[in-house]
Amino acid sequence: MAGSGRCYGGYALCIIFLTSILTSQGLDLDSDSFKELSNDVESWINDLHERMSRKYLLKTDFSDDPRVSIETVYPMKLVRSMAKDIRDHFNSKRQALQKIVEHLEDATTTSIWNDDLNLNNSHPLLMKDMDPENATHHMMLDERLGTKVRYNVSGIHVPLEVYEGYPEILNGLQWSSTVDRVFQENFASDSTLSWQYFGAQTGFMRVYPATSWYVPPNLIDLYDARLRPWYVQGSVSPKDMIILMDRSGSVHGQTFTIMKWAVKTLIDTLGENDFVNVAAFNSTTEWVNNCTYCKVNQTTDSEECTQTLVQASTSNKKLLFQAIDELEDGGMASYSNALTFAYNAFKQFEGTREEGEGANCHKTIMLFSDGGTEWPEEVIKKFQNDTYTKAVRIFTYAVGPHPIPTAVLKQMACSTGGKYSVITTRSSVRTKIQESYTSLLSPAQPLSGFHNDQYTTAYTSAVTEELTVSLTRPVYNMSDYANTSTLLGVAGIDVPIQTLKNLSPFEALGPNGYSFIINHNGFLVLHPKLRKQLSYLLGPPHIDLLDVEEDIRETNSVRNNMTEGMTYNATVLGKISVDEAHRVLYDGIQFSYAPVPNTTYSLGLVNLQGSVHLVVHDQDPTLMTPLNVSTTVLAPWPYCRGRQPSNDSDHLNRLMRDIQNKKQICRDDLVQGLLWSQTWTQRLLDDWHDRSSDIIGRVIFTRFGLARFYPESQKPGVSSWGDPWNNPALRRGELNRKVSVIPHSFGAFLSAPVLVEKNGAEVMAGVVGVNLTSSSLRNGFLGKLLKSGWRDENEYLILLVDDGGLIVTSNREDLYGIPLQGAFIGDLNIPLLKHLKDSRFYDMEIELDKQAICKELKHNGTSAGPRSYHIPSPFTLAASLLAEVFTWAEYLRYILYSGLLALMTPSVEAWTEWGMTQIGGKESCRMERAIYYFGERRTLSESMKCNNYSAKFWAERLQDTNAMLVAVEMNINAQECGMNSELPSIHPRRLTVLEPCTYQDRFRKRPTSCLANNSTAGDSCNGCPQRMQASLTLMLITATVCSNHLKGNLAS
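Here the sequence shown is numbered in the working numbering, starting from 34 and rising by one per residue.
Source of the hints: derived by calculation from the structure; they are not laboratory data.
Keep in mind it's a predicted model, so treat the numbers as computed, not measured.
Where a beta carbon is used, it is the ideal one built from N, C-alpha and C, also for glycine.
Keep in mind that the hints are not guaranteed to be accurate.
What the hints assert, rightly or not - Straight-line alpha carbon distances no greater than 27 Å define the calculated DSS-like cross-link-like pairs of lysine-lysine that follow:
| # | residue 1 | residue 2 |
| --- | --- | --- |
| 1 | 110 | 608 |
| 2 | 817 | 68 |
| 3 | 870 | 110 |
Unchecked claim - Just the calculated beta-carbon pair ranges, DEER-fashion:
| # | residue 1 | residue 2 | range |
| --- | --- | --- | --- |
| 4 | 511 | 168 | 36 to 46 Å |
| 5 | 820 | 978 | 50 to 60 Å |
| 6 | 417 | 601 | 18 to 28 Å |
Please work from the sequences and hints to get the whole structure.
Rendered as structure tokens:
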């Protein structure tokens, strides 16, 4: 005590003396002393976490507890079991769909056309008029669907271009109305059934249960069921399509604008089973994207260099849109040259395509022009006698306000079994394109007993705005008075992606495990990295498995085997994404996969090789105590059927009652684990109620989805990590048995796994974390440095850095004005990161995010029109008034409405609107970022060059955590180093221009059925005779007269 008093009395002198000693020692520092310091820092981190988190309170002996066991995970058994569950789920939906289709087709046999139908005596329930807050609409909250609905009737949606009072619409609604009874029976008999619907060729759509129709603010409703992926895939057989665009001088101006927009609209109707390319012609013809590939021609055995048709995926469409926007007009048009080019392209594609390429069903040429007189009869005859091109149909489009002469365009279509269409205005594009080819290319009515069911890829539902897939089947006219069994529409049933995810063996896979589903094209149906789109008006995302997994040889093999429908498992040396910016190299990522029977899907499960899981049983649910919702978060898992994932108090209380009273069908594995987790973590939660200014918060995450924390202010952050797969602490805990650090700008989160041992086996039961302030971290760090020769911040910069290059803490608060806490070392004005990367201390790769959402870019000018029109309310009122006034003439109402929309629509650059719809100032985009992760080097001592001096630095990986220690010698006589690493940043960067030839081209399995020859489709030359011209003339005259009359009234 006396000695202590003497030192205390001269405290200032002791500190000065100690500091002088340490400064003198700093001159002789070496790698050995730095390694010793690294070991001390690592011990400090482990001790700090243990003391602050109170992790030791969870140590429990389970050796004599028969309710707890540790069992080996058998992934192939799990994947087969889950595939069977998915099959059974779809089987029940298929049975419901069959009832819908059979009823609708039977209804056509008894339906009688009624000329007296009108809106006053029909009263269709339009979903756009339904208001959940209006009590007179009798809407109730449905727990299954998560929204308010009406159960006694289906709701009706009609596209903007189609007037709900048309006789075709009202008669269609009448004959299909009795399907509501089938909808209701299906919904009542299957507690997992979601939305049911029928989309008609005339445009209307029935949705059951009826609900309100959402339209984004300040936009009008441009949804058309006939253009949605579920309808297109169910109504039109796959196509190989070449689009020819007339780019001669005569199309200059408005005509070329309309043509570009029309071509994009046509491309937008294509699905993932279609193949397409676009060529522009005048006196010569060339592809809009000049991309050449050399392949061996299978028919001649010689190498040919050509441009292939590309799959009509979303990313490939965007490349074509970009090229179309850049087209310029000029020269004279040659139809013969253009058709010869297209026919030869089909022959070359047939000879050079690889397995899976091409639709191998319909072949079409879509020719857009403002008219011409050249009749390419010899070209057409020549290729109609060729084996590879004799089945090619030509569809022609006369484009522009005054497309003349058009007789040649009509004859081209009629002589090849195609169809001729006229597009005069921008606002008529969507309907004209949709009507132009679907009736002729719709699948033939299948033989009795054969059902052409279609399984879509994932897309955003217009009703729920969540990711979903659809099971669809075409509906045919079976009436006796109809000479042809024409396609009437498509019936479908939604299967939300969350429903498929809920069938996963969550706990058994562990926090680094997950389930995923791809289709025969390799596109994702289910994956934790698959995100919903910005708007339901966008096409399917078409994200390939290799867009979200490492594109290496082993994962390519997994993908290709899955598209082929194989059952297998493979172990991969790869990188695990613990969060957006961090990767961990791991030798033992296991992929197990099997096809989902009776579907076009293949299921995969990912887990760590040799993993085990915790099995709990015989817990009494009635003894479950209420959870404090203020300090509890549950994973979005299906603990009990019929409960939407949520962490609000009402939901948690209802879930507790369901578990206690056994009123719902609950998953025993998850509920038993939840009960066990609650008891196991209670002691820790009770002990955390002390307050410390050094601690932001504490939390424990269990492998059964229960998270408990203190204080209550931590709930938003804990909720964002509620799903174990999105929880970097849990994921790191399974990979690293020691403490992990997760830095941020206010401090760092320290976490460590809690292991349960039994019978010689151990498993991670959870992760305990403590969120510490930056000041407490820095003070503790400086305390460790105080005992070493590395204390003086004027001579050394000491950094504790994580495995992604983020600073956990430092001996300085800033470096040349840059705050160091949570900063990226690549942003510092020293070339430290470059040396670490060059020495393989860090490895780096660039990752592309195809699903990003960015702020809207401002664009100038346009060559096409938008999907989302911003319309001032006076014009909306005017359009509605005109719609009511001119209901007596379908075509007149449409022309006037189209004209108004065309005048009101502001110029919007087509690249933004087609595939990138603007919602709330945001748009879909692509982003890239650099990812840094630990390489093979573990210790380093080098010098780095600055402008006027060289600085020595040391780096040492900490043995059992995800961090390293770095010390940089600082020159006290130099203000700044003056150099930086000049490496790609971890901060995402938007890509505004896409490389024109980066087409998505991967192995796929072509659908086995085609049903291409629809002999019942009617006259393929429908619309070509001269009476059509007379009808069009009458329409134009009437529209002109009415327009002049309208102008006169407005002027007066």
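Inset, instruction - Starting from the hint list further up, note which numbers the structure goes against and sort them upward. - result: 3, 5 and 6
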